[in-house]
Structure formats: C-alpha cells, structure tokens
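Asks: Read top to bottom, the protein sequences are chains A, B and C.
Just so we're aligned, residue 1 is where the first sequence starts under the numbering used here, counting upward by one.
Just so we're aligned, residue 329 is where the second sequence starts under the numbering used here, counting upward by one.
Just so we're aligned, residue 821 is where the third sequence starts under the numbering used here, counting upward by one.
Do not take every clue at face value.
Stated by the list, open to error - Partial selection, computed: residues in chain C whose CB lies under 8 angstroms from chain A:
no.	residue
1	Arg866
2	Ala941
3	Gly977
4	Pro980
5	Thr985
6	Arg1068
7	Pro1074
8	Gln1075
9	Gln1129
10	Gln1130
Derived from the structure by calculation, the hints contain no laboratory data.
Predicted model, so just to flag it, every value in this text is computed and none were measured.
Don't be surprised by glycine CBs; every beta carbon is placed ideally from N, CA and C.
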Amino acid sequence: MKTLLKTVTVAGVLMGSTAAVAQDVPRVGAAVYGLQAEFMQIWAAALEEHPAVTEGVVDITIFDGRYDALVQQEQFETMITQGFDAIIFVPIDIEAGAAAVEAAHAAGIPVVGSNTRVNSDLLLSYVGSDDVVSGRMQAEIVLEQIGCEGGVVILEGPIGQSAQIERLEGNMQALAECPDVTVLEQQTANWSRGEAQTLMENWLTRHGDNIQGVIGQNDEMALGAIEAIRAAGLDVNDFAISGIDGVTDALLAVQAGDMASILQDGAAQAQGALDVALAAVIEGYEPMSAIWEQYEDMPWNAGQDAEYNVPWTPVTLDNVEDLLSMRQ
Amino acid sequence: MQPLLEVRGLTKSFGGVAALSDGRFTLQPGSVHALCGGNGAGKSTFLTIVMGIQQRDSGTIRVKGRDVTFARPSDALDAGISIIEQELSPVPAMSVAENIYLGREPVGLLGRVDFRRMNRDAQALLDQLHFNISARRLMMDLTVAELQLVEIAKALSYNAEIIIMDEPTSALGEAEADQLFAAVARLKEQGKGIIYVSHRLSEIFGIADTYTVFRDGRFIDSGAVADVTRDRLIEMIVGRPLTEEFAKTNTPTDETVFTLRGLNTAGWVRDVSLDLRRGEIVALYGLMGSGRSEIFERLFGLGSDEGGEITLFGERVHLSTPKEAIDRGLAFVTEDRKGSGLNLMASVRDNICMARLDELSPLGVMRRRREVSAAAQMIEAFGIRTPNDRIDVSGLSGGNQQKVVLGKWFLTQPKILLLDEPTRGVDVGAKREIYRVMSEFAQGGGAVIMVSSETDEVLGMADRVVVMRDGRVSGEVARKDMSAAALLHLAA
Amino acid sequence: MNTKAASSQGYKALAADFGQKYGILMALVLVCVILSFLSEFFLTQRNITNVLRQASVNGILAIGMTFVILTRGIDLSVGSVAALAGVVAASLATTSTTAGVDGAPHAVAIALGAGILAGIAAGWVNGVLVAYFNVPAFVTTLGMLSAARGLTLLYSGGRPVPSLTPEFRFIGTGDILGIPMPIILFGLVFLLAYLVLSATRFGRHVYAAGGNPHAARVSGINVKRVRMLVYIISGGLAGLAGMVLAARTGSALPQAGVAFELDAIAAVVIGGTSLSGGVGRVSGTLLGALLISVVNNGLDLMGVQSFYQQIVKGMLIVGAVMLDQARHKHA
C-alpha cells in the first residue's frame, strides 16, 4: 500500500513539474510491465529503497505499464521527450519491447533490462535471473523427493511467454536425467492459482495415486495444486511440490512443509539494474547496493558486463524465517 | 382498360391449414383500391405473396397482362410493385436523398457516391409529387407523415406502378393524414394503382374508388365504393349483420366524480379544466400535438406536475405516480399498445395480472391460484380469443391484444377509465366489443375519458366533447350539438 | 401475421420452443453420456463433486447476472467486485501480518458480512447510476469493473491476503454431510433466486420491467427501484462468490476474478436468457453454468489442451443464441 502510494506521488510530482527537478541529479525512469502482482511490488519497493535513491544521488520514476505493450511504448516516448538520463526496462513482451529500446537508443538514452528479457541487442546490459536454471532447479527438487521414478505433472505459465519457455526447458533438462519418471500431464494454468486448482482437481480424478510430483512453474500455481490436493482429502505431504518466485504465500507454505520454492530475488534485480544504469550515467560510479557483496557469484566488473545473472535462492526451512521477516 | 394487377385463385397453406383459399383481386390503373377484412382474413398472406416474400401454393398473378412469379421481394420490385409498410424503417442519421437511394446510390468517378446528382434527383422526385420536403434534411428531423411521403417517393423512384399502403394513417393525426390523402390523389392522377389497407372505414369511403373484401382467407366481394353502404361493408367484413356500430347504452348522471382545475403539464399544456360525471363518457378531441395525451400522462403520474388542482370523489389528490393513480381507482389504456400497454415477452396471464400484482401477492409472495382465476375471469368477461392463458400475448391478434389491455385494467376495478385511442389498429368486430365495454362500464357507475382522432368514434360514443388546441381547452360541445364540422372548427 | 398462418406453423414453433426450454438440459445430458463413455472417471462421485464445486463460483455470479440481464441490463463488474469483496473479507479474517493490509482475525460473521456489504455497495452504485442517472448499464459497470479493481489493489497494496482463519476457509473448503460448502452455497443461492423470480411479486416486477419498461411503469411498477435492486443483488452475490473463491484458494488475490464476468454472461446466455430482457429462467442459468463446467472438466479428463476448451465454450455461446433466435422467428 505504501509503496503504491509513493509511486503515485513520485509520478505525480514528476508529471506536474519536470522543470523544477534540478538538472544536477540524474533522472532514471523504470518502465515495468505492471504493478498488480506481488513480485513486481517487491521489485519496485527495492528500487525505491536503493541507497542511491534514498541518499539523493538519483531521482527515479516508476511507470506502470498496466500489462500493455502499447502503454509501455508510450511511456518510453514520454521519457525520451522529458530527457531522462537512463531507463530500466521490464517489458511485458519479449518482441514488442524491441522498438521502444531502439527509440531510446536512438535518442542516446541507455536502457538496462531487468527481470524479463527483450529481444534487442541495443540493451546496455541485462540484470535478471536465468529461468532455465530455475526450471532445472525446481524439477530437480521434485525428482529427488520422489526418488527419480513415478509420475509428475507440470503446470505451465502462459504458452509463449519467455519465462514459460525457459522454465520448461529447465524442467525438461532435469527430467531427461530420470528416464523412469513419466510426465502425466502438462498444461497451462496461466500463472493463476484458481486455474491450477481446477486443473489439479481434474488430474487427480484422472490419475489418482499415480501423481507423485507437481512442478508448478510459479508459486501461485503450486499453491493452487496444494488446495486441490487438500480439497480431494489427500495428504499434501504425499506429494513433492515445487514452485518458483518466493511470494509470501509460498514462503508460508514452505514454512509449513507443504512445498519447495525457489526465490527469484526481484530486489537484487532491481537494485542491480539501477547500479548498472548509474555506472553508464555517472563517471566513476561505484555500486551502492549491498547485493554485490551478497552474491559473490555475480561480480560487478565495473558495470560493463552485457548480462548479470542474479542467482536463485532455494527457500529452505533455514532461511524462510529471515525471508519472511524482510516482507514485513 | 388492362388491369395493372390481376390475381385469381391464390391459395396458401401453412402446415396443412389454409391461410388463403381463394385470393382474388383486380387493380385498375389510376385507382385506389381498398383491401378490407378483419384480422385473420388473409390480407397479410395475400400481400406477402404479391410482394414476393412468400410463395403461393397455386393461383395466378398477372401484372399488366403478363403472368409473373416472384421468388423474392426484389422480383416484385422489378415488376413495379412497392409497399409502404405500416412500420417504417428509415436510417435516421441519413438524409432524405440517401434514404431514397439507399443501396443504389448513383456513383461517379472511382466509385465515389455522386451526392450532387443524388440530391438533385431526389429533389426533382419530391417536387414532382408536390411534397414540400428538402432532400437534404435528415430523416430523424421529419414527422411521421413526412417519413411516409419520403417512403412514397422512394417507391416511385423504383418506377413502381402498383403501390401498397398498409395502414398508413395508423400513426398520423388528422391534418397529417390529409397531407397523405392529397399525395394519394396525385399518384392516382399519374395513373398509378394503389392498394389501400385500412381498418378505418371513413378513410375507405373518403379516398377509395373500389373495394375488395376478404374473410376467413376467401374472397367475399368486390365493387365500387360508391355502390356500397357503410353498414353493408361492415357486414361483409364481420360476416354477420350489424345492428349498430356504436353500442352506446350509458346515461350520464349529475354526480361529479372527477374535476381538474387549471392543470398545467409538459411545459406547454396550460390551464386545463374539466368535470367528469358518474356514468359519463367524455371525449378529449384535438389534432395530434394538441396536448390530449399529455393530460392523460399527467393524470397517471407519468408527466410533470406544474400546478393545478385535481379532485377525485370530493378529495384533493396529487396523482404523482402511476401507483397512486391506480390505487385511487384510475386506469389508463395507452395509445401505443405495443410500446406501453403490453409486455409482449410475457403470457396473457402475466399481462392481465401486471397492474394488480400487489393484491395478488400478499406478503410479496405470488398466489398462483388467484392469478389463474383473475386471468380466467377477464378472458371470459372480454371474450378474449386465446387457446390458454400461458401463451405469449404477442401471438394474439391486435383486437384481442387490446382486450388483454382492457382486462388488465378492469382487474384493478377502476372507477375512472382513461382511454387513449382505444380502437387504433383493431378490426371492426373488436371495435364494437370495445365500445360495448366502454358503455357498460359507464352504465355500471364508472366514468370514461377518451382520446380519439376518429371523428366518427367521438360522435358515436361521447356524451360531451372537450376540444383541445395548442395545449389549451378551446371549447366544449354537448352531445346534442355535436357534428364533425363543429369539432373541427374548434380544433383547428 | 395472420393468426391461421401462425397456428399452422405450430409444429416448428413447438419444436423450437421445446428446444429452447429443454435444449440445454438435453445438451448437458448428451455431453455427460458421451463423457462417461470417453472417460471412466467422469461419473465417479469425486469427479461429480469436482464439477459442481468448479461450477459454483461462476454459478453464483451468473445467477446475479440473470437478474440484471432480465431487466435488459448487463453487469460487467462482477469479477472486480468479487475480488474487492474477497480482499475486504479476507483482511478481517487473516492471521497474517505480512499482508499488505494490517489484518486481524475477527469473528467470521464480521468478515463475511463485510464482504457481502462491499459487494452490495458496489452494486448499489451501479444501480443508482443506471436507474436514476440513466447511464447505460454497459458504461456504468465497465466503469465499476475498472474502479473496483483499482480499489482492490489500493486496499491490498497489490499483495494477496494469505493465512485465512479456518472458520473463514470453511465456506470454501468445508463440507456439511460430505457436501462441499461451495456447492451448498451455490444450491441455496439458486433455490432462493428461483423462488424469488418465479413466486414473488418482485420476480414479476423484474420480468415486467425487462419485458417492457414503459408498460410496467404505466402498470404501477416502480421500474427504477427494480433496476437498482437487481444490481444490488448482482453485487451482493459477486461479494459472496469472491469470498468463496478466496476461501477456496486459501488467500484473497487482488488479481482474482479477471474476466469472470464473461463466463457469467456465457452461462446466462447458454441458459436461454435473452440479452434483450424479459425472458429467461434461473434454472437455465444453472444448467448453463454446469454445462460450461462439465465441458471444461471433460476436456481436462481426456487430456485435451485448454485452448480447445475456449473454442468449445465459444461454440456453445453462439449455438445457444442461435437456438434463441430460431425461437423468436417462430413465435
């Protein structure tokens, strides 16, 4: 709630009086595909809590793309017109975002991708997490639990989205190593808890005891599967279930021992992207976010790398308390 | 002279039931031929076959001596047959010229519509017919009568020789109707043949040269209008001799039950005063737009209250909602049966019960048995011809629909009946029934205010006529002084 | 039309009428028979329970929608209103403090009451605008679709409200005598709606106001009030549906219910209620909602891709309206 209000206020101030903002502080715009889901809320909150922002080194504005590629395109035009110094871009669509990046590039504004890829070689850099890796990790957790044999079902994201494609690729890499495991069902539930619940109910009817594992390509769908299992009067502990993202509900479920989740560190993606963007704008800039110390596998390299992969963190009983306390 | 249209032995059955078993008709050029018959006489079936909408089972149709078969409406149009439908369907946001040439706009270079030519041609057509309408005006700005004139012009633009007019005056006032009749006379002069369908006998005697009567799907008789009496024509349409067309049996008393003093409404109807006595039928007479219907709407809580006093049985009342009016014993048979009288989606029973729901549902729960008996009572009382009370009211004929409306209101046990054009669009037989009901209601202690555009009806039924002009009462005529001339003098 | 002509077309009209009245029931039975051959699981008790439970949220919304459509209206806001009621109720029934709202568990009655009230309030706004300000229903409820969603996100901070109390979750996951609560609620709502529409004065008012508002008004029916009330009913039921949804999924999601209005309208239309008002039955809506659910379930059981489900639903909607048109032609 607070986050949202702050975003609105910042945007409002900026729209109203762009001239009032002093020229000496660089302005960075963040165009995100939409702020309705928890993950992007966390991403946006982390951006605003970046030390460079709180200490007044940079002035940031977050634009809510409202899940519409066209809206994002228009927001890019606004930022170009207002002469922003850099743009952080989380596109809704891997293809449609390319034109926007091209326009900003032509205007000499560096664009740093974050979280979601865009099909353009004009990006200055990309700070995200490799979905193939997470897909592989989540499948491995499930396969290990069921002893590399038996039946599993896969709940997919919206067909054609980059996260769905890449996570499925990772799922399949892991499955290839367990030839005794059968994929009983594989359908999209569009990242939705309700849709996943319906699907899982019907699958339980059809396959009964043969389902031992559930690979939910995001946490919401894994949570939906858990509800379906409960509604069918079955024991959740008899199933190996995993999701991806580490949303609050999933953390609680991990705490209860119902599922496994893999945290996508949206906060690190946001803060990392801002550091990379600032390195392009301010000469001799040193990263201010704590994430570079947190993730030793991701070296800063003077902010010059074309791609930064924020590592995935499996949520375990050991770290879940800490993660939950960060969500307060 | 060779007839324009000659039809012999036309038959048409639907699922084994004959709708038309002997259709005969002869139309001479330069004449107006009235096609008469009650509802269900086979007129509609006859016309739909002549227009190519339906196919005949047997019989011949000759146009100017040539045998023709119409597979579709455009065939009939090509043969020179056009219809002015009862319910017009103009494109409101288009101009008169665009409507006349709809679908066959003159095109110029590169397929562009040649508006100049279209407007010129349309204007020439309208002028030739002496219609005082600009081809550039929008259809939505025209009156109903003007729309009909445009429709006639459109028919002629197809080079129609035979023009069918189906109840063309049903939505017109007297003055507008005269405008239409003038146009019909002009068409006659040009040698066109007009098939004129109307329930209004006075119109038939006013403008038709010849008549043909259908009854029960059969040809009954044909001849010159000059050679037939009104009573004889009614007898042929109804199929039995009639004693009197207007069955007036009521006698007014001296007891005043309803008074209006200085009533204003609708922003322009001013200072209307009126007294109504028990047992009396008062007619509100006037041209369309003289304020008659507005007074009814005000009395039923549908119009705006702009001052004035209403007294009902000695008590001051406001009548600000329909419910209050109904509770006070008023009933309002509106002019537009389909628009505001009936719920065409619902059954006969539901329609009859519609104004009486409160009494039929103590504590809000409907009592089915009471509904059934109420409906049965009204069906019986008004002789509504319907197979049962569960069928949709839209399946009944116009006359029976009107009786359902009356049934709905009589169920509320009204003391004062407001009737707005009560016999519009109903056949001669049903009209008589409605007159009988009015008379008996008044005789039984009720009182009636009736709005009518049909002078005959007013002269036949009213004990007193209050004439309206431009939103004010322009005079009052007692029954003994009534004449068409006297009424028109006050109205115009 | 000639009365003779009309009566002679009686057979066709009768057949069309029969098709209209029992067509959906026949279609439902037919689909069930086919599915029971194609999948051995279809007729199992567990699967039947699943189908009914899956139909319940859409069914409750569709029943409210039936009232609105009967009066020639439309309520596009039910999905958003359901989400709003879900988060409002959940915020009063959560044990979590990690949510975007500072929730606290209250007596379940308070939470449920607040959810219903949120729905009724949204419906009241819709109703007043449509009935008394003459704003077209499509526009009014389109506005509410957006506004209620915004309110939901604002209220919840865009985050789900998790960890609902077991008492609250009972309406989604509990059962009475082995019958799951969503099914019981759906059944109760249906029964009540059926009685209201078929046996009460208000029911007659709804049909009359939809069949011909002018005639209804002249007949002393307060058409504006009837219009307002149907939106309130729709809003209240959307509130109930939203809470059932939250209780079922275990967490109130601010993004819940997107495009639910379309499924609700589909159930009403498949059930034979005319979009032009005045004609229709809530029993048709019940069958419509079940048919949608059965088809989805059957295709899942056969392992058919979900894309096909959307195609089949589209065909169902159009087919139902064609049936409706056929009837009007012969009436």
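Asks: With reference to the structure, classify each hint as holding or not holding.
Replies: Hint check results:
A cut of 8 angstroms between beta carbons decides the hint on arginine 866 (chain C): the least distance to chain A is about 6 angstroms, and the hint holds. For alanine 941 (chain C), the interface hint is violated, since its Cβ never comes within 8 angstroms of a Cβ in chain A; the closest pair sits about 20 angstroms apart. Restraint check, glycine 977 (chain C) versus chain A: the minimum CB separation of about 4 angstroms is within 8 angstroms; hint holds. With a cut of 8 angstroms, the hint placing proline 980 (chain C) at the interface with chain A holds, because the nearest CB-to-CB distance is about 6 angstroms.
Taking 8 angstroms as the C-beta contact cut-off toward chain A, the hint placing threonine 985 (chain C) at the interface is violated, the least distance being around 14 angstroms. Interface restraint check for arginine 1068 (chain C): the shortest CB-CB distance to chain A comes to about 7 angstroms, inside 8 angstroms, so the restraint holds. For proline 1074 (chain C), the interface hint holds, since its Cβ comes within 8 angstroms of a Cβ in chain A; the closest pair sits about 7 angstroms apart. Interface hint status for glutamine 1075 (chain C): upheld, as the beta-carbon distance to the closest one in chain A is roughly 5 angstroms, under 8 angstroms.
A cut of 8 angstroms between beta carbons decides the hint on glutamine 1129 (chain C): the least distance to chain A is about 10 angstroms, and the hint is violated. Look at glutamine 1130 (chain C): its Cβ only gets to about 11 angstroms from chain A, farther than 8 angstroms, so that hint breaks.
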